[in-house]
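Trainee: Chains as they are written, first to last, in the numbering used here: chain F, 64 to 362; chain R, 168 to 651; chain C, 63 to 348.
If you're looking for bench data, these hints aren't it; they were derived computationally from the structure. Predicted, not measured: the structure shown is a model, and the values here were computed from it.
The calculated DMTMM-like cross-link candidates involving lysine to aspartate or glutamate, where the alpha carbons are at most 25 Å apart (straight line), are: (1) F:K294 - R:E478; (2) C:K119 - R:E577; (3) R:K310 - C:E334; (4) F:K77 - R:E596; (5) R:K603 - R:D442; (6) R:K426 - C:E309; (7) R:K649 - C:D295; (8) R:K649 - C:E334; (9) R:K532 - F:E82.
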Amino acid sequence: MSFPNLLTVPKIDKTGVEERVNRFCKRSIKNSSKTHGLHLALSMIDLTTLDGKDTPENVKRMCYKANHLHDSLQGIPKVAAVCVYPTMVKYAKKELKGTKINVASVATGFPSGQSSLDVKLSDTKFAVNEGADEIDMVISRGKFLAGEYNFVYDEIASVKEVCGKAHLKVILETGELDTLDNVRKASEIAIYAGADFIKTSTGKINPASTMSVAYVMLNAIKDYYKQTGIKIGMKPAGGISSSKIALQYLVMLNETLGHEWMNKDLFRFGASSLANDILMQLQRQESGYYESIDYFSKD
Amino acid sequence: MSNIDLNKIWNYTTAKESKDHILLKEKYDLFINGKFVKSKSRKYFNSVNPATDEIIAKISEANKEDINFAVKAANTAFKSWSKLKAKERAKYIFRIARMIQERAKEFAVIESMDGGKPIRESRDIDIPLAANHFFYYAGWADKLEYAFPNTSHEPIGVAGQIIPWNFPLLMAAWKIAPAIACGNTVVLKPAETTSLTALKLAEIIEESGLPKGVVNIVTGGGKTGSEIVNHPNIDKIAFTGSTKVGKLIKRSIAGTHKKLTLELGGKGANIIFEDAAIDQAVEGIINAIFFNQGHVCCAGSRLFVQESIFEIVVEKLKDRMSSLIIGDPLDKNTDIGAINSKEQLATIKKYINIGLEEGGEIYQKKCSISEKGNWFPPTLFLNVSQSHTIVQEEIFGPVLAIQTFRTIDEVIEKANNTPYGLSAGVWTEKGSKIFKLTKELNAGVVWANTYNKFDPTSPFGGVKESGIGREGGLHGLKAYLKFK
Amino acid sequence: MARINVLKTYKNFIGGKFPRTESGRYFQIKNGNEELLANMCLSSRKDFRNAVVVARKVQKSWQNATALNRGQVLYRVAEMLESRKSQFIEELMMTGLSKSHAKNEVELSIDRLIYYAGWSDKFQQVFSSVNPVASNHFNFSLLQSVGVVSVISPNDYSLLGMISVIAPIIVGGNTCVILSSEKNPMASISFAEVLNTSDVPSGVVNILTGKRKELLSHFASHKDVNAIIYCGDNNQEIKEIEHLSSENLKRVKIYKHKNWDHNSSQSPFFIETCQELKTIWHPNKV
Numbered sequence: 064m065s066f067p068n069l070l071t072v073p074k075i076d077k078t079g080v081e082e083r084v085n086r087f088c089k090r091s092i093k094n095s096s097k098t099h100g101l102h103l104a105l106s107m108i109d110l111t112t113l114d115g116k117d118t119p120e121n122v123k124r125m126c127y128k129a130n131h132l133h134d135s136l137q138g139i140p141k142v143a144a145v146c147v148y149p150t151m152v153k154y155a156k157k158e159l160k161g162t163k164i165n166v167a168s169v170a171t172g173f174p175s176g177q178s179s180l181d182v183k184l185s186d187t188k189f190a191v192n193e194g195a196d197e198i199d200m201v202i203s204r205g206k207f208l209a210g211e212y213n214f215v216y217d218e219i220a221s222v223k224e225v226c227g228k229a230h231l232k233v234i235l236e237t238g239e240l241d242t243l244d245n246v247r248k249a250s251e252i253a254i255y256a257g258a259d260f261i262k263t264s265t266g267k268i269n270p271a272s273t274m275s276v277a278y279v280m281l282n283a284i285k286d287y288y289k290q291t292g293i294k295i296g297m298k299p300a301g302g303i304s305s306s307k308i309a310l311q312y313l314v315m316l317n318e319t320l321g322h323e324w325m326n327k328d329l330f331r332f333g334a335s336s337l338a339n340d341i342l343m344q345l346q347r348q349e350s351g352y353y354e355s356i357d358y359f360s361k362d
Numbered sequence: 168m169s170n171i172d173l174n175k176i177w178n179y180t181t182a183k184e185s186k187d188h189i190l191l192k193e194k195y196d197l198f199i200n201g202k203f204v205k206s207k208s209r210k211y212f213n214s215v216n217p218a219t220d221e222i223i224a225k226i227s228e229a230n231k232e233d234i235n236f237a238v239k240a241a242n243t244a245f246k247s248w249s250k251l252k253a254k255e256r257a258k259y260i261f262r263i264a265r266m267i268q269e270r271a272k273e274f275a276v277i278e279s280m281d282g283g284k285p286i287r288e289s290r291d292i293d294i295p296l297a298a299n300h301f302f303y304y305a306g307w308a309d310k311l312e313y314a315f316p317n318t319s320h321e322p323i324g325v326a327g328q329i330i331p332w333n334f335p336l337l338m339a340a341w342k343i344a345p346a347i348a349c350g351n352t353v354v355l356k357p358a359e360t361t362s363l364t365a366l367k368l369a370e371i372i373e374e375s376g377l378p379k380g381v382v383n384i385v386t387g388g389g390k391t392g393s394e395i396v397n398h399p400n401i402d403k404i405a406f407t408g409s410t411k412v413g414k415l416i417k418r419s420i421a422g423t424h425k426k427l428t429l430e431l432g433g434k435g436a437n438i439i440f441e442d443a444a445i446d447q448a449v450e451g452i453i454n455a456i457f458f459n460q461g462h463v464c465c466a467g468s469r470l471f472v473q474e475s476i477f478e479i480v481v482e483k484l485k486d487r488m489s490s491l492i493i494g495d496p497l498d499k500n501t502d503i504g505a506i507n508s509k510e511q512l513a514t515i516k517k518y519i520n521i522g523l524e525e526g527g528e529i530y531q532k533k534c535s536i537s538e539k540g541n542w543f544p545p546t547l548f549l550n551v552s553q554s555h556t557i558v559q560e561e562i563f564g565p566v567l568a569i570q571t572f573r574t575i576d577e578v579i580e581k582a583n584n585t586p587y588g589l590s591a592g593v594w595t596e597k598g599s600k601i602f603k604l605t606k607e608l609n610a611g612v613v614w615a616n617t618y619n620k621f622d623p624t625s626p627f628g629g630v631k632e633s634g635i636g637r638e639g640g641l642h643g644l645k646a647y648l649k650f651k
Numbered sequence: 063m064a065r066i067n068v069l070k071t072y073k074n075f076i077g078g079k080f081p082r083t084e085s086g087r088y089f090q091i092k093n094g095n096e097e098l099l100a101n102m103c104l105s106s107r108k109d110f111r112n113a114v115v116v117a118r119k120v121q122k123s124w125q126n127a128t129a130l131n132r133g134q135v136l137y138r139v140a141e142m143l144e145s146r147k148s149q150f151i152e153e154l155m156m157t158g159l160s161k162s163h164a165k166n167e168v169e170l171s172i173d174r175l176i177y178y179a180g181w182s183d184k185f186q187q188v189f190s191s192v193n194p195v196a197s198n199h200f201n202f203s204l205l206q207s208v209g210v211v212s213v214i215s216p217n218d219y220s221l222l223g224m225i226s227v228i229a230p231i232i233v234g235g236n237t238c239v240i241l242s243s244e245k246n247p248m249a250s251i252s253f254a255e256v257l258n259t260s261d262v263p264s265g266v267v268n269i270l271t272g273k274r275k276e277l278l279s280h281f282a283s284h285k286d287v288n289a290i291i292y293c294g295d296n297n298q299e300i301k302e303i304e305h306l307s308s309e310n311l312k313r314v315k316i317y318k319h320k321n322w323d324h325n326s327s328q329s330p331f332f333i334e335t336c337q338e339l340k341t342i343w344h345p346n347k348v
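Can you make the complete structure from the sequences, with help from the hints?
Mentor: Given below as structure tokens:
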């Protein structure tokens with residue numbers, strides 16, 4: 064691991080990015096490729112609840128949902144993980160025992176990240192000790208915008224160290240980074256500091272993930288892979304509420320990083336309501352009727 | 168270096184645009200004096216779908232008599248059309264714009280069936296731009312005195328307009344809209360292989376109530392075109408096509424009263440510096456050469472890559488090429504459609520052979536190509552220099568010649584080292600470099616950090632042997648006015 | 063014994079020098095009484111070719127001079143002409159112009175130079191545009207010089223006509239090769255002396271004397287010339303020019319009018335004639 068050479072980080076032209084993204088969105092995904100895509104998307108979901116009002120009970124209900132998305136639909140995959148606050152990890156872990164569904168925990172003073180390094184590290188350790196398989200940390204955006212890139216890098220590297228076996232997803236909170244150039248720069252720092260995944264957003268800031276920022280991050284992953292042969296994962300989070308948007312992300316993934324990234328080990332959706340929308344679409348694919356959300360559980 | 172494999176991608180099932188609602192007549196006649204009339208020649212030629220080899224309609228071949236008739240109709244119509252209140256002229260043109268928008272999908276499907284371009288392009292680019300062009304120039308009709316202050320001007324008369332097969336409806340719009348907005352009348356000939364959308368436009372013109380004879384659409388090949396060029400009662404020739412034919416036209420109207428605008432060939436230089444936004448630049452390079460199968464006069468067919476980033480750029484280009492989808496123009500997921508005609512395919516193949524004979528190193532996208540129809544895969548040529556034929560001559564296909572450079576002065580010199588001067592592209596994140604390059608490049612249009620963008624408000628046209636005059640924008644009006 | 067006048071040898075003006083014609087030939091200019099006024103160079107296609115070479119060589123640097131600079135150079139030409147006004151009046155009178163006509167022509171010539179000197183940093187503002195395209199781009203169009211222009215100068219108004227044609231050419235950053243008035247080339251070549259003592263860079267303006275009949279086809283066909291301006295109304299000559307200029311799609315401008323002393327013979331549109339419109343696009347989002 065080493066600090067990236069920020070002088071050689073490619074510049075980003077936003078208009079060009081938006082034009083490219085527009086092309087992904089224009090792909091028409093129908094019939095069997097749609098079913099395939101929806102199954103894939105479902106399997107990549109980190110079913111998420113990150114509220115102050117979360118209780119063991121609602122976390123349990125969500126875990127049950129994660130494991131029983133819609134039992135009447137045959138052959139659908141389970142979600143990849145649930146994503147909760149550190150204090151909820153043990154309940155989730157218990158509920159998902161025996162399943163292959165991971166438990167991811169946000170940490171490091173989520174969502175603002177405005178805590179001391181000590182607090183961040185103990186927050187992370189706590190989540191890991193509680194059994195979290197994955198840690199979703201936030202970077203210090205204030206430090207980043209102030210140009211203290213070394214600080215940001217060191218912090219990520221320190222968190223990575225205490226993660227142990229848990230996978231580290233680094234949330235850039237792109238909605239606060241102002242420009243796509245910054246998104247690219249932050250991606251490089253996170254990747255070089257040891258991120259297993261880079262993630263767009265906390266979901267607490269508007270805008271959350273956009274196709275444009277995700278595209279920039281995918282390109283950072285691509286360039287890193289070309290140089291090192293190491294595959295970094297990607298997790299767009301927030302704002303991905305419909306099947307249509309999820310499929311657009313998958314098209315983008317498919318045409319940017321290719322089939323090796325088209326699985327839950329390297330791509331996740333951070334979302335809460337996406338699963339039900341996909342289920343509705345799959346049900347519709349099967350029955351031929353448009354569905355009502357009332358037929359799908361809202362846990 | 169690790170390679171990204173985009174070949175075994177999640178395959179999208181075909182998403183074919185329906186053509187059920189498309190009504191094509193078996194035979195199309197000439198549109199003269201406000202209605203469809205049979206050609207005096209009684210001859211028809213086939214319009215073929217270049218993706219399937221199917222004959223989709225029969226098109227009239229206009230002869231000298233037909234042209235006489237059309238010019239006469241245009242001449243007669245000119246007397247009243249040029250005197251009509253400008254604001255009323257405008258309303259007709261606005262109406263045409265709106266009617267194209269209403270029937271946009273139909274036009275898009277026909278454009279793709281007739282010309283082979285992907286439906287994504289005809290739907291998102293050609294047809295909306297054509298409608299917007301009419302809308303833009305409609306608004307100028309009653310404001311011409313503000314376009315050229317302190318001058319006195321009047322419409323020229325009858326404009327003979329000959330358009331190419333690469334953007335059939337769009338080129339018709341580029342020609343007709345400013346001409347009639349300025350008070351001229353028109354005899355327009357679409358290209359032989361792509362007459363259908365112009366004839367559909369004739370239907371709209373008929374329905375719009377535009378006074379008869381203001382726009383006449385005659386079909387046919389080169390011979391029909393030369394009847395227009397040489398007709399004594401035509402006052403203005405506007406031609407878009409090859410430089411060779413453009414020169415012939417200029418020669419044949421020498422000494423006559425005819426005014427002339429030409430929009431001809433090109434060999435656009437696309438220059439990428441090491442400080443470019445590289446991923447967007449690569450996308451721009453792809454779009455510059457593979458847009459519309461490379462059948463674009465302003466295509467960025469000569470790529471100049473700064474030496475320090477040569478390898479990475481070529482690799483990224485190859486990656487991007489592998490995700491391009493080639494196939495049925497009517498499939499909404501198709502990126503690259505069919506080559507417009509057998510003749511054009513032969514021309515492209517001829518240049519490929521020349522390129523190989525001259526020692527060029529070829530790279531082509533792997534793709535399975537249907538036996539029917541005209542297809543050619545996206546192609547790169549490496550190891551070529553300024554002296555190679557494929558670097559000098561316009562191929563008009565999806566073939567990119569790649570060269571390297573070291574310094575700014577060197578690349579400017581190479582970029583300008585061509586008789587053409589239509590377009591150029593520059594990719595760098597340094598502002599002063601952009602201004603230096605855009606100033607020094609001999610081209611009518613320079614795209615900086617973008618490529619192949621078109622807009623009704625933006626003048627388009629070339630210097631040197633790429634043409635004379637501009638189309639689009641305020642400056643495009645000049646070609647259709649006579650200044651006293 | 064009365065003093066013998068020293069007669070002037072009229073030569074071509076190429077690249078800031080006054081060479082004799084490469085052909086060694088000459089033609090005679092006589093006054094109304096058939097008295098010899100001067101022997102003029104009967105320039106050949108080679109003289110023209112040499113002139114195009116120098117005009118091409120300096121074109122870019124002249125184009126890249128600031129508009130302010132080009133304006134001041136033109137103004138300096140006017141100053142030089144003003145100071146040699148009497149010489150030009152005399153020369154014009156030699157070919158039969160009345161004193162008042164000659165004086166008028168010279169004064170108008172000076173004024174015309176000043177008129178165009180003033181346009182140098184303004185015409186761009188009149189003719190360029192910002193185009194409001196319907197996408198995320200900033201788009202603008204501006205004028206750039208067409209390059210090297212060959213000029214068949216008016217036969218009438220040998221001084222004023224020529225100045226009226228070349229001032230708008232050079233103020234726009236072009237360079238030119240001129241075939242001077244066949245009827246009275248003396249004032250044209252003397253004007254070269256004015257140019258040479260002002261600040262016009264060598265090669266920006268090149269003046270040849272000779273016969274239209276011999277040189278016209280070369281002026282029209284040379285492939286390193288970007289535009290041709292023809293002043294006259296000989297339809298045969300016009301046809302020939304339009305025909306030959308097709309070879310490299312040279313821009314052709316025909317000035318049939320002869321009223322060079324009229325105000326309508328000056329406008330920024332004369333500048334625009336020798337300009338190309340260039341349109342530039344750039345994305346505008348960060």
